[in-house]
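If you read the protein sequences in the order shown, they are chains A, B and C.
1 is the number of the first residue of the first sequence in the working numbering; add one for each residue after it.
1 is the number of the first residue of the second sequence in the working numbering; add one for each residue after it.
1 is the number of the first residue of the third sequence in the working numbering; add one for each residue after it.
In short, the hints are calculated from the structure, not lab data.
Please note that the accuracy of each hint is not assured.
Unchecked claim - With a straight-line Cα cutoff of 25 Å, these simulated BS3-like cross-link-like pairs (lysine-lysine) come out: (1) K262/B / K438/A; (2) K221/C / K122/B; (3) K2/C / K170/C; (4) K634/A / K282/B; (5) K634/A / K122/B; (6) K539/A / K494/A; (7) K122/B / K216/C; (8) K404/A / K459/A; (9) K109/B / K221/C.
Predicted model only: the values in this text are computed from it and were never measured.
Listed below are the residues making up each chain.
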Amino acid sequence: MRVPYWNIDYGFLIDILAIPALAVFLSGLYGHYRKIRKGSERLKTRSDKLPWKFGPVFVRSVLTKGILGTVIYRKFYTGLAHGSVFWGMLVLGLGTTLAFANLIAKVPVFSGSFNRWFMAFGLDLAGVCVLAGLLFFLLRRLFPPDRLVTPRERSGFFPMACLLAVILVTGFLIEGMRIRASAPELGSFVGNFVAGLIPGSDHITSYHRYLWWFHGLLALAFVVYIPYSPMVHMVLAPINTALADPRPGPKMGVIDFSRFDDESGEEMPSMGVAKLADFSRKRLLDFDTCLWCGRCHEVCPAAQTQQPLSPKMVMATLAGFLSANDFTDDSLADAIGVDALFNCTTCAACMEACPVSINQPKAIMKLRQNLAMERSELPELMSKAYNSLEQRRHPFFGTGSGPKDWQKGIDVPIFAPGQTEYLLWVGCAATYDERAQKVARAMVKILSAAGVSFGILSKPRCTGDPAKQIGNEFLFTEIAQENIAEFDELGIQKIITLCPHCFNSFTRHYPELGGHYEVIPHSVLIGELIAARRLVPEKSDESICLHDPCYLARRNHIEDPPRLALEAVGRLVEMPRSKRESFCCGGGGGNYWSESSGVRINQVRAKEALDTNTDVIATACPFCLLMLTDGAKKYTEDQKVFDIAELIAARLNLN
Amino acid sequence: MKTLIIEKIEPKRIGELVTVGRILGETPDLLALGEGEVPGTYPRAYQCPETIAANLVDGVADLIQRDGYQVVLLSATTLGSEIAGRLGARLKAPVLSEVIEVKPDMTVKRPLYGGKAVAEYKIQGNPVILTIRRKYFEPAPLEGTTAAAVFNVESPSVVLLSEEQVQTQGVRLEDAEIIVSGGRGMGSADNFEVLREMAGLLRGAVGASRGAVDEGWASQTMQVGQTGNIVAPAVYFAVGISGASQHLAGIANAKCVVAVNKDEEANIFKRARFGVVCDYHKFIPALIQALREEQ
Amino acid sequence: MKIAVLAKVVPDYEVPAGDFELAGNRAHARYTRMIGLYDENAIETGIQLKEKYGATLGIVSYGQSEDVPILRKAIAMGGDSLHLVLGESDDPYVIASNLKIALEQLQDVDLVLAGQQSADLDRGVVHGVLAEMLGCTFLAQISRIESDQGRWTVCQNHESGSRMLQFSGKAVLSITSSPENVPRIPAVRAIMAAKKKPVEKLQGTDAPPMQVEEVKVEIPKLESVCEFLPFEDMQETSRMLLARLREERYL
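Chain A extracted, bound-state conformation (with noise of 0.2 Å):
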């Protein structure tokens, strides 16, 4: 049997002394708390009642995405490393405290097979995988992709690393001159291969105690230095997955304008955020897990085309003020750059991509908030698109249509109160773009085809989702309520929406302003008609390419339904990102109304899906529509760009 503290004097001086370092690493860790604490608004506990969620806690993610940390594994071998490095100290720590609870209660833990598969193998073999982990990461750091160090790399990693190493290094050299001293270990194959390899010596007693005092007081150290290194995330990021809200998108909410009624008030709250301190308590920690791994880097479509945003360089900007203690600087959109927050297209792929869950493009579309709201400032173009939205209520300015353009040479029925059962809700881009109107024509078509009970506004309109998106809450949520008391005048119950913009805002934003509707996407209802054969669209062999626009692949989770539309009528192919990997066609987040400069998201995304051969190139969404129709024309005359609700009218056999 083996003993405790082996060759060791007053070992238990080391469990004392674990007390003081303990002590140092919980006020660590309330230094960090008390900075979270200093954010603007509490975690929210109340009402949504979603399922795994007790209090702000919700359990499922922080047992898959916290604690398995599945989403680490998206980078095979990154996950592999660190899956061996986590598992490889959870399995240590036990082992440690095994041997403390043998120390102080007996446990017979040192004995029989228990000793020889888990005290003795186990632990070895979690060592051996704690260092092939830490290799792979020391190497990494030395030889690191680009997306650890654009724009720059977090410090801190390589000295912990090492440190962990020369543990790991020492406490294998610690077994193998115990059992070089005493007698080969059952189990233990490092121990025991170590111990082959130390020649004997009469000092090997004094050399184990002096080398086991350096490694227990350099585990002691380790522990101390987490908070105040980037190791912290060990236990921040559990944390921050576990209070994330789980659903897609970065769930933006809405503004509730009466509390900036009351000018007697002492301070006037911010209008989205000017500085640290009007951020949520979620979005500090979220600056303070981030580890600056760039994975979002890595996905972001403006990063990406070498526009001035990364949403990495949007965290460590942000946890610089934090770790600087610098609540009240108002110039975090100066310090991030003005250019950078309006290149988000709010595609929420860097949140997705994101390994402890921060939501990155709720921290930029607050600075964007106050740089539209209080600021004022908006790039021309968005401005421009802005102004349009706020005196016309569209923000297609210099449009060369009216609103009743699209309808031409055909019969559009209007939503009748009490007899027709669906608003065909058309949306700025279908009503006012030349080539998006045809999608329009395209789905009225299909629905007549159908049968469906279907009617359009008398008036167009728009859902304010553009204001919402270049950052004024305000003209979003006065065009919304506008919109809900129409609704509720005429009695509408049910929307069919063409763009999934109109569909992320009416079923995300709109109930919390009073507005409760059953929404479908165009593509998903065209999919349950073939599904039901009141559509039968002819078959043919051409091939179609999905291109899924980040409202409703990512954000909502719609992937399948448009495929199965498309099958009914072509070839699917793929292209390298889809679904919730899809890569974002520029579009989004007012910047279809931007200026961009060097390479072009659209060419780039247009160019992929080309590259997949394809027949046509399909999508679900007008901006996508239009932005990929320019984006392609880099590459290819031929028009091969259709939205869905196009390639299923015109291969309807309408006799």
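Fit chains B and C to the supplied structure of chain A, relying on the hints for placement.
Same frame as chain A, now just chains B and C:
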């Protein structure tokens, strides 16, 4: 109708107003502003070195009342708009601005709503003050010169500190009456040379679509469209431009769009007055040759 | 220093030609109404003067009560007060007489700014008439204004360049658009505050209109019908195109 023209000494501007004056009656009298010989012959001519309208109103009003002018003609320019309103109010006379058509029976037309509508008026009172939109009337040839009586301005209230004429290489895009623009269909930066040649012959400016600027074929300052220059030329040649809505937004006020594109489905034809469906390589050189022949 | 800016609420000036229709000789009522294009430049210019010289800025309009919510934008941008003279006339003399009522009510206005022309009737006459009625200087198409010891120095943009002019005393200036007076986007807080500002509504007056009869208003033939020229013989097509462009007075 006893008519007085008030205009700077610029033959074309005066010529256009003479044409209008003759529609209403005999050759009108002239109050010429500025230095130099007074071109053309008039029953009566006055000359005043002052070109600041604000300083002229008192004297002009006296002249009109004294000599009993029934019609005062100005061009719809800064000068004209600066005189017309005040003069009208002084004389309690009707004022119609930006007139584009004049008939002998004193009916005139002027555009409303950015040219989307045209209104016709019958003038009843007199005197009447009209500002005439430029380039709607063929300028009458002005022969000879007239010795003009000196017209003095008493106690000017506005002082001219400095004057700056805009110097530009060729014609400025936003001022150009004719613009020749190339798009992605041009194929290369070198191909823009034919557009420059054509623009030179037409005394116009060269523009480009965002696509062409993106490709680096044309400079940013040449960009026409929502993101570039908003232009309002008389003729806009769109060569190899598909006509995205963002581009059309920049030429919304172009009076006539001529589209040259090999894709007959191209959106630009929806906005165009004239369309040629062909490869511009064939058409533009032919057009250049036709322009040369005319000169 | 007291500045007044004249602002007119007009139907959407960007309605595409294809969608434009008339009702009773004026733009159909279905179009969105907004502050005129150049009027916004004038408001912006006024706000900049206010910021620079600590002036007070009154917004003056002639129109109907329904215009008030639209005019509030001028307050949100930075105007101090809103004065609306109620009336429906399109006649420049009637409009000027009514605007004069509000300006007299404001008392001692040093400078009146107005957009160079309204964005509906595109006339550019009212401000000159008003200047004459007020008996003050009038200058057209001004892009920059500076005040120096009781004198005003202004920059006038004309067809072939620009010039600097100087005068003293009261004046009406028509404002043209320039890179310096791009209308600002009002901040949300200012919009909210503007909604609460009281509006001074003044009863309009009858004044003698111009002696002109509006016979008719028509929409000119739609230009957007594209005439495709033949493309067999390019020389012939070129000559034909040039001839047609001359015929229709484009060249």
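To see whether the hints hold, each was checked on the structure:
1. With a C-alpha separation of about 22 Å, the suggested pairing of K262/B with K438/A holds against the 25 Å cut-off.
2. For the given pair, K221/C sits about 22 Å from K122/B by alpha-carbon distance, which is consistent with the 25 Å threshold.
3. Between K2/C and K170/C, the direct Cα distance comes to roughly 10 Å. Compliance with the 25 Å bound is thereby established for this hinted pair.
4. Our distance criterion of 25 Å between C-alpha atoms is met by K634/A and K282/B, whose separation comes to about 23 Å.
5. Annotation: proposed proximity of K634/A to K122/B is violated, straight-line Cα distance about 55 Å (limit 25 Å).
6. Simply put, K539/A and K494/A have alpha-carbon atoms about 30 Å apart, too far for the 25 Å limit, and the pair is violated.
7. This hinted pair checks out: K122/B and K216/C have alpha carbons roughly 10 Å apart, not beyond 25 Å.
8. Straight-line distance between C-alpha atoms of K404/A and K459/A comes to about 9 Å, which keeps the hinted pair within the 25 Å bound.
9. The suggested pairing of K109/B with K221/C holds, with an alpha-carbon distance near 15 Å, which does not exceed 25 Å.
The earlier numbered hints that this structure contradicts are 5 and 6.
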